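J.: Spelled out from the first residue to the last, the chains are:
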Amino acid sequence: MSLDEATVRKVAKLARIAMSDEEITPLIGELNGIIDWIEQLQEVDIDGVEAMTSSVDVALPMRADTLTHDETGGGKPGEIVANAPKTEDHFFIVPKVVE
Amino acid sequence: MTDLTTLTLASLRDGLAKKEFTATEATSAYLERAEASGPLNAYVRLTAEKAREQAKASDERIGKGEARPLEGVPLGIKDLFCTDGIPTNASSKILEGFTPTYESTVSGNLKRDGAVFLGKLNLDEFAMGSSNETSAHGPVINPWRREGQDTKLSPGGSSGGSAAAVAARLCAGATATDTGGSIRQPAALTGTVGIKPTYGRCSRFGIVAFASSLDQAGPIARDVRDAAIMLTSMASYDPKDSTSIDRPVPDYEKALAGGVKGLKIGIPKEYRLDGMPSEIDALWQRGADLLKEQGAEIVEVSLPLTKYALPVYYIVAPAEASSNLARYDGVRYGQRVHDDDINELYAKTRGEGFGAEVKRRLMIGTYVLSAGYYDAYYLRAQRVRKKIADELAAVFEGVDLLLTPSSPSSAFGLGEKSSDPIEMYLNDVFTVTANLAGVPGVSVPAGLDGQGLPLGLQLVAPAFGEEVMLRGAAALEEAIGFDAQPTEWWKS
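Each protein sequence line maps, in turn, to chains D and E. Heads up: the first sequence is residues 3 to 101, going by this note's numbering. Heads up: the second sequence is residues -15 to 476, going by this note's numbering.
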């Protein structure tokens, strides 16, 4: 399988990364090199093998469904927006999305 | 008075407790040395004022007989750990100006135990790299040089700043993180000790995420004892990380004296790579001989799937990264490049903010997760990963530990490997299996190569086998007796 320029541009769009032509051109070769290299996994027999989804064999812990200010960050709107480039009254400000 | 920066973390801790010197003196000695280490580029930010305040508070506690386990010990923190009120940028332009309003659990644990933080240490951008060359702050320079040469060498990565700072005595120990080898490879390349614990042993809360099923925090320190002391403080169960394991943390320092008598140590034959420098092979053999002399039984084992570990990693890690790094959108934190269209705002912000290697990995990750390729790449990789983990678990039915080299070469020159992504990725060939399987590994200095550069040996244990692993590491360290130091060419 090889990635042509149109595919690389499409992936960049999906990844929401703006790239100039100067960036796209070398990337085509690099990505193809990496994809060719990982292609060797096709030779491994994986019949009957489950996908590994967790590095440790534990069930996800449950917690009580209550708002705890210290553990889940509730009640800290000032801190939540403290690093945002643009805010107003504890809201994140973005360009108009819906006309 | 002795130069306090020459003491190991353990000696420093003991001397502080006995009031042979003060935390303020130790902190000043380290700050002075760190301030004069500019050419190494190990620190991205020194927090001298805060460090002096912490040291003063430590001295008061010691005076009152209320010293905690790491009271007054000056440490460096990889700039991937969020530190409350201190900028944390993960060496990325996109996080310029980000100042966390909370503390990572691991750094918080070290503070709870009385440690003093000297500052934040350089790393590859978002910990993606094996040479520190992808950092937005520029590369860290290895304190070690080839004998008789002044070529700038890489300290490895991604925890290059942590490893260089420990090797150059710019801190008594440092925090680090390891997703594919980012603690053990730089430790090997700088003559230091690095531990990647079992997945879930240290909380990931407040560590800037790279690949969440692989990321694990651990220490880089001057010797095995120092690393064990740090790990005892860093490890904990944390309800804020759902993958953290609720299991008591042993005092790892106490495990060191056990020795290796009666342990069965496996040598995986597939780790003997074509084209590997013969010196690495010789040091590996010597390590096995030394362990055998101390009563360990050495057996050859086989891990035939080893060669697939890196290709699996380069699907799984970028896939997880592409999801994790979706949060850098110019809306909630960090840099924003404005546009009237929200999608353009995202794309421009990310295009400007991410460096070349991060973009490359986000592209790979997005591709392998995209419609039509998910099964062929991502799902297949997760199934091969399961096979690799099972194969390793089966080998651990018969042996207590594995002994392998830590890295396929000693420190390399800046730019020597950065033109070919795959050649750079191969740095992690010996370390990455432990991440995929979630098991612990430690790198211990093995000696110097013909150019006068350090090389490391790695011990790998089954999940939560840190104590046996550290017993092996301490025995290996003592038998090898590594005591070389880099010449201090960087001092101004």
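No lab work stands behind these hints, which were simulated from the structure alone. It should be emphasised that the depicted structure is a prediction, and the values quoted were computed from it without experimental measurement. The reader is advised that the hints may include incorrect statements.
Said to hold, decoys possible - Per the computed footprint, the stretches of chain D lying under chain E, defined by three or more beta-carbons under 8 Å from a beta-carbon of chain E, are: (1) 23 to 37; (2) 42 to 56; (3) 61 to 68; (4) 84 to 96.
Glycine included, every Cβ here is placed at the ideal spot set by N, Cα and C.
J.: Can you confirm whether chain E covers the segment 61 to 68 of chain D, using C-beta to C-beta distances below 8 Å and requiring at least three such residues?
T.: Answer holds; 3 residues pass the 8 Å Cβ test.
J.: Per the coverage rule (Cβ-Cβ under 8 Å, at least three residues), is the segment 42 to 56 of chain D covered by chain E?
T.: Since three or more residues must qualify, the claim that chain E covers the segment 42 to 56 of chain D holds, with 11 doing so at under 8 Å.
J.: Test coverage of the segment 23 to 37 of chain D by chain E using CB-CB distances below 8 Å; three residues minimum.
T.: n = 7 at 8 Å, threshold three: holds.
J.: Examine the segment 84 to 96 of chain D: at least three residues should have C-beta closer than 8 Å to a C-beta of chain E.
T.: holds (count 7)
Violation of the numbered hints given earlier is absent; every hint is satisfied by the structure.
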